[in-house]
Amino acid sequence: MPNYEIMFIVNPTTPDEDIDKINGQIEGVITAGGGKVGKVEKMGKRRLAYLVKKFREGAYVLFTVEASGAVVREVERRLRVLDSVIKYLTVRMDEDAKRLDKIKVHREKRAARRGRSRAEGGERRGPSQAEQMPEE
Amino acid sequence: MAMQKQYYRRKKVCKFCVERIDNINYKDVKLLSQFVPERAKIMPRRISGVCTPHQRLLSDAIKKARSIALLPFATE
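Order-wise, the sequence lines are chains Z and X. Just so you know, we're using our numbering here: the first sequence kicks off at 1 and counts up by one. Just so you know, we're using our numbering here: the second sequence kicks off at 137 and counts up by one.
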């Protein structure tokens, strides 16, 4: 199942217990739908970059979730309904992670190759970077 | 003998390639805000020197960060 990050902003005037309550609710929705909650991170109050529903700051919460799209849709619906949630964003992470793994493997392979060629006495060649001609 | 004055312009290099930053995350405000000048526009490649693949990832990350109010769309 794909990985998602669900981030939402709660009205800064809501007490901490209420935020925990919302988190509990969301977790319930996810586990009920057969998903897994990886991490719940309360990022605390932050200044918003622009006004959101007339609020200048908000309490950020980040969920790392492994769930199907249907579950995520349900979570988003819940977040929309909740009055104290002023903004939310869901980002799919697994494709990004795949890309990062690929780069990592590629880099390790290259490092290994480079190490070997140096051991054999091969000259290490820098990346052939076309030197830009100085303008004018 | 009219010699043209030689200006040497240092070749800009992509910050992400040089520092090996693969993970351009929308949550990393400190990193992203280096590429949004005062007017909160995304800095063009010709100024920042970021390579095309990284610029694409960067602009995606900035747009995500904007939609969750980590970065501004425009200055107030």
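No lab work stands behind these hints: they were computed from the structure. Here the structure is a predicted model, which is why all the values come from computation and not from measurement. Just to be clear, a hint being listed does not mean it is correct.
[Stated by the list, open to error] Subject to a maximum C-alpha distance of 30 Å in a straight line, what follows is the list of computed DSSO-like cross-link-like pairs (lysine-lysine): (1) X:K151 / Z:K54; (2) X:K199 / X:K151; (3) Z:K87 / X:K147; (4) Z:K53 / X:K166; (5) X:K199 / X:K147; (6) Z:K53 / X:K148; (7) X:K151 / X:K200; (8) X:K200 / X:K177.
Hints, verified against the model:
Using a Cα cut-off of 30 Å, the hinted pair K151 of chain X and K54 of chain Z is violated, with the two alpha carbons roughly 36 Å apart. This hinted pair checks out: K199 of chain X and K151 of chain X have alpha carbons roughly 19 Å apart, not beyond 30 Å. For the hint pairing K87 of chain Z with K147 of chain X, the CA-to-CA distance comes to about 42 Å; that exceeds 30 Å, so the pair is violated. The suggested pairing of K53 of chain Z with K166 of chain X holds, with an alpha-carbon distance near 25 Å, which does not exceed 30 Å.
In summary, the hint linking K199 of chain X to K147 of chain X is supported, as the alpha carbons are separated by about 28 Å, within the 30 Å threshold. Between K53 of chain Z and K148 of chain X the alpha-carbon distance is near 41 Å, which puts this suggested pair outside the 30 Å criterion. Distance check on the hinted pair: K151 of chain X and K200 of chain X sit about 20 Å apart at the alpha-carbon level, within 30 Å; holds. For the hint linking K200 of chain X to K177 of chain X, the alpha-carbon distance of about 14 Å falls within 30 Å, and the restraint holds.
Checked against the numbered hints given earlier, the structure breaks hints 1, 3 and 6 and satisfies all the rest.
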